[in-house]
Structure formats: C-alpha cells, structure tokens
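Q: Mapping the sequence shown onto this note's numbering, position 107 (from 1) lands on 110, and the numbers just tick up by one.
One should not assume that every hint holds.
[What the hints assert, rightly or not] Listed below are the simulated EDC-like cross-link pairs for lysine to aspartate or glutamate, each with C-alpha atoms no more than 20 Å apart in a straight line:
| no. | residue 1 | residue 2 |
| --- | --- | --- |
| 1 | K261 | D194 |
| 2 | K248 | D284 |
| 3 | K297 | D194 |
| 4 | K261 | E316 |
| 5 | K294 | E316 |
| 6 | K261 | D171 |
| 7 | K261 | E198 |
| 8 | K294 | D263 |
| 9 | K297 | E316 |
| 10 | K248 | D276 |
| 11 | K294 | E235 |
| 12 | K280 | E235 |
| 13 | K261 | E230 |
| 14 | K280 | E254 |
| 15 | K294 | D200 |
| 16 | K294 | E254 |
| 17 | K297 | D200 |
| 18 | K280 | E230 |
| 19 | K294 | D125 |
| 20 | K248 | D171 |
| 21 | K172 | D47 |
| 22 | K261 | E309 |
| 23 | K261 | E195 |
| 24 | K167 | D276 |
| 25 | K294 | D194 |
| 26 | K297 | D263 |
| 27 | K294 | D171 |
| 28 | K167 | D51 |
| 29 | K294 | D183 |
| 30 | K280 | E232 |
| 31 | K172 | E13 |
| 32 | K294 | E230 |
| 33 | K23 | E39 |
| 34 | K297 | E232 |
| 35 | K64 | D79 |
| 36 | K280 | E309 |
| 37 | K167 | E302 |
Treat the hints as calculated values from the structure; they're not laboratory data.
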Amino acid sequence: MRCHAIELPEDYAKWIADLKRRIAGARQRALLAANEEQIRLYHDIGRDILGRQERQGWGAKVIDRVSSDLRNAFPDMRGFSSRNLKYMSYFARSCPNLLFGQQSAAQLPWFHVVTILTQVSDPALREWYACAAVQHAWSRDTLDAQIRGQLHLRQGAAVTNFRKRLPDKQAGLAMNVLKDPYHFDFLGLGDEAHERDIENALVRHITRFLMELGVGFAFVGRQFRLEVEGEEFFIDLLFYHTRLKCYVVVELKATAFKPDHAGQINFYLSAVDAQIKASNDRPTIGILLCKSKKRLVVEYALSGIEKPVGVAEYQLVRALPKPLDTCLPTIEALEAALKEELECPRNAMKVIGKRGGSRSSRPSRTKLRQKR
4 MRCHAIELPE DYAKWIADLK RRIAGARQRA LLAANEEQIR LYHDIGRDIL GRQERQGWGA
64 KVIDRVSSDL RNAFPDMRGF SSRNLKYMSY FARSCPNLLF GQQSAAQLPW FHVVTILTQV
124 SDPALREWYA CAAVQHAWSR DTLDAQIRGQ LHLRQGAAVT NFRKRLPDKQ AGLAMNVLKD
184 PYHFDFLGLG DEAHERDIEN ALVRHITRFL MELGVGFAFV GRQFRLEVEG EEFFIDLLFY
244 HTRLKCYVVV ELKATAFKPD HAGQINFYLS AVDAQIKASN DRPTIGILLC KSKKRLVVEY
304 ALSGIEKPVG VAEYQLVRAL PKPLDTCLPT IEALEAALKE ELECPRNAMK VIGKRGGSRS
364 SRPSRTKLRQ KR
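When you get a sec, could you build the whole thing from the sequences and use the hints?
A: Printed below as a string of structure tokens:
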C-alpha cells in the first residue's frame with residue numbers, strides 16, 4: 004500500500020509550535036495550581052490541629068489516630084504521616100498568613116517549606132531563601148545546600164570594579180552573580196592542591212561546580228585557546244552567562260592574590276571581547292579565584308583595570324558551617340516540642356527555645372531522608 008505525503012497548509016509549522024507552547028503552558032499552570040492547593044490544604048489542616056489542641060486539649064495520640072484515619076481513607080495520597088501532620092501545625096503557627104515575609108509559601112513545594120522552617124529560624128532569612136528558591140527554581144537538594152553553605156552571606160561579597168566598568172543595571176546583576184568565598188570542598192582536594200589539579204577536578208565535577216557558580220552559567224571550555232599575533236594563550240575556564248548575556252573568564256590561582264593577576268585577566272578579557280564576543284553580547288567579565296586575598300590590595304589593583312573583574316577566594320576544605328542561629332532547634336527538638344505542644348500547649352515553646360543535644364547525638368542525613 005502506498006503512503007501519500009500529506010500536503011500541509013503553509014502556516015502549519017507555526018500553528019503546531021504555538022499549540023505545543025499553549026499545551027506546555029497550561030500543564031505548567033495546572034501543576035502550579037495543584038501545588039498551591041496542596042500547600043493551602045496543609046496550612047488549613049495545621050490550623051485545625053492548633054485550634055482543636057487549644058479548645059479540646061488534643062494529645063499526641065490523637066494526631067497518630069488522625070494520621071491513621073486519613074491514610075486509610077486516602078491510601079493513594081502521601082503526606083498524612085504523624086510527622087507531616089506535626090509539620091503542618093508548625094507551619095500554621097510559624098506562617099499564620101501563609102507568607103514568608105512577603106513571599107507566598109504557596110509558590111513553594113511542600114518539602115521546600117519544611118526545609119526552610121526546620122533549617123532557618125530568622126524570619127528575614129526565611130523570606131530570603133524562599134524568594135531565592137522561587138526565583139531560581141531550586142530543587143530541594145539545592146535549597147538545602149545553599150542554606151548549609153550560608154549563601155546569604157556569600158552572594159555579592161566579592162571585591163569588584165563592576166560599578167565603575169559596567170552600566171548600573173548590568174553592574175548590579177553581575178555583582179549578585181559572584182560569591183565570596185566559593186566552596187569547592189566537594190572536590191576532595193587538600194589545601195596544597197595545585198591550580199591544574201583544581202581545574203581538572205572542577206571539570207570532572209562540572210555539575211556540582213555549575214551549581215556552586217549559580218544560575219545562568221553555561222560551560223564553554225577549559226584551557227580555551229586564544230591566539231594573538233602568533234602567540235598562544237590559554238584561559239583556565241570559559242563560560243557564557245545566559246542572564247548577563249556575556250562571556251565569563253574564570254582564572255584559578257592556588258596562591259594569594261597578586262596585583263599582576265589583574266593584568267593577566269584584563270588581557271584575556273580584551274582578547275575575548277575582540278575575537279569571540281558577538282556584537283549583541285555584553286562586555287566579558289572576569290572572575291579571579293584565589294586561595295586568599297587582601298581586600299585593599301585587590302581594590303588598588305582593580306582601580307586601574309579597564310575591564311570588569313571580580314576577585315573572590317575559594318575553599319577546598321572548610322569546617323561545618325556554623326548554625327544560622329544558635330537557638331535553631333534540631334529536628335528532634337522540634338518534634339519533641341510539637342509532641343509536648345499537643346500534650347501541654349503552654350510549655351511547648353520552652354522546648355523549641357532549647358537547642359537539641361550535641362552534634363554527635365543527631366541522626367545522619369541519610370537516616371533523616373529515610374524517615375521523610
């Protein structure tokens with residue numbers, strides 16, 4: 004049997020592309036609406052638990068019964084464990100208006116909400132991480148890593164000359180892209196590692212490296228070759244930033260910052276702008292990653308540099324981050340507080356105010372994941 008080609012209208016390709024876009028958009032809106040409904044439902048359940056606890060003196064065993072009844076009634080639905088019901092009541096108490104500051108909690112997946120509630124105690128920081136998670140579409144693991152890495156202290160902290168070398172709007176965006184310090188502890192290298200070792204390891208762990216760099220970085224190449232009047236020069240790492248619309252040159256220095264480093268990267272930026280940058284690309288920026296730096300030395304060195312450059316430190320080995328708040332409860336302390344709150348509401352917050360036992364007494368992250 005012969006198959007005859009179908010003669011399609013001239014505008015078919017344009018129409019089908021538009022149809023696909025509308026279907027994808029509708030599906031995305033449906034998912035967002037479903038998530039918002041779930042968050043609002045969990046908040047309502049938590050508020051009901053709090054209300055009944057105050058009026059009827061509910062104890063922890065009642066919560067266990069509620070959990071059992073709901074799971075029997077809705078066996079195909081997850082999220083009605085006793086632990087999750089306690090999280091719902093803590094959510095309702097902590098965010099009575101369904102807001103982290105001005106950021107709606109309903110725009111976040113449920114376990115993003117739980118992560119923020121259990122790992123961050125300061126209301127302003129809760130809002131900061133909630134807004135960042137929505138803006139950058141962080142996964143739960145990324146949110147967890149950014150909180151543990153104290154991103155709020157590192158973002159925009161690098162020393163730069165961006166204000167003098169870039170337009171105001173571009174300068175602000177570029178400054179927020181940089182961090183100081185960068186955490187490269189995932190490489191498994193010691194403090195004495197050489198530049199090439201660090202570079203090789205970063206390329207091997209490119210996914211983790213890109214996550215640490217932040218949203219918008221696209222890897223172009225390592226030891227990127229430039230030729231200027233017959234001489235070869237090699238850039239350690241070259242990226243393109245999709246939001247800044249510019250190339251980003253990254254140079255690694257396994258030493259303290261030296262003023263001549265600024266001259267070297269200035270040369271690379273000039274060459275990239277002349278040979279690689281397209282007419283609609285914005286000026287290339289440079290990031291110098293050094294083992295250490297003295298702020299005033301960097302400021303003096305960058306003041307005479309024509310191109311936009313930022314200087315930051317990197318850490319190959321770092322201590323466990325200090326808690327964001329010394330009063331931040333562990334998960335065990337939080338659960339103990341919620342249990343006591345259900346049994347005796349007036350004394351509950353006394354437990355939350357105490358920091359749970361020593362680090363050695365806390366369960367491993369693996370065990371916590373299994374419990375969740």
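Q: Against this structure, judge whether each hint is valid.
A: Against the structure, the hints come out as follows:
no. : hint        : in the structure
1   : K261 / D194 : holds (18 Å)
2   : K248 / D284 : holds (6 Å)
3   : K297 / D194 : holds (18 Å)
4   : K261 / E316 : holds (13 Å)
5   : K294 / E316 : holds (5 Å)
6   : K261 / D171 : violated (28 Å)
7   : K261 / E198 : holds (15 Å)
8   : K294 / D263 : holds (15 Å)
9   : K297 / E316 : holds (10 Å)
10  : K248 / D276 : holds (13 Å)
11  : K294 / E235 : violated (26 Å)
12  : K280 / E235 : holds (18 Å)
13  : K261 / E230 : violated (25 Å)
14  : K280 / E254 : holds (18 Å)
15  : K294 / D200 : holds (14 Å)
16  : K294 / E254 : holds (12 Å)
17  : K297 / D200 : violated (24 Å)
18  : K280 / E230 : holds (15 Å)
19  : K294 / D125 : violated (31 Å)
20  : K248 / D171 : holds (15 Å)
21  : K172 / D47  : violated (42 Å)
22  : K261 / E309 : holds (17 Å)
23  : K261 / E195 : holds (18 Å)
24  : K167 / D276 : holds (18 Å)
25  : K294 / D194 : holds (9 Å)
26  : K297 / D263 : holds (14 Å)
27  : K294 / D171 : violated (29 Å)
28  : K167 / D51  : violated (55 Å)
29  : K294 / D183 : holds (11 Å)
30  : K280 / E232 : holds (18 Å)
31  : K172 / E13  : violated (42 Å)
32  : K294 / E230 : violated (28 Å)
33  : K23 / E39   : violated (24 Å)
34  : K297 / E232 : violated (35 Å)
35  : K64 / D79   : violated (23 Å)
36  : K280 / E309 : holds (17 Å)
37  : K167 / E302 : holds (12 Å)
Hints 6, 11, 13, 17, 19, 21, 27, 28, 31, 32, 33, 34, 35 from the earlier list are contradicted by this structure; the remaining hints agree with it.
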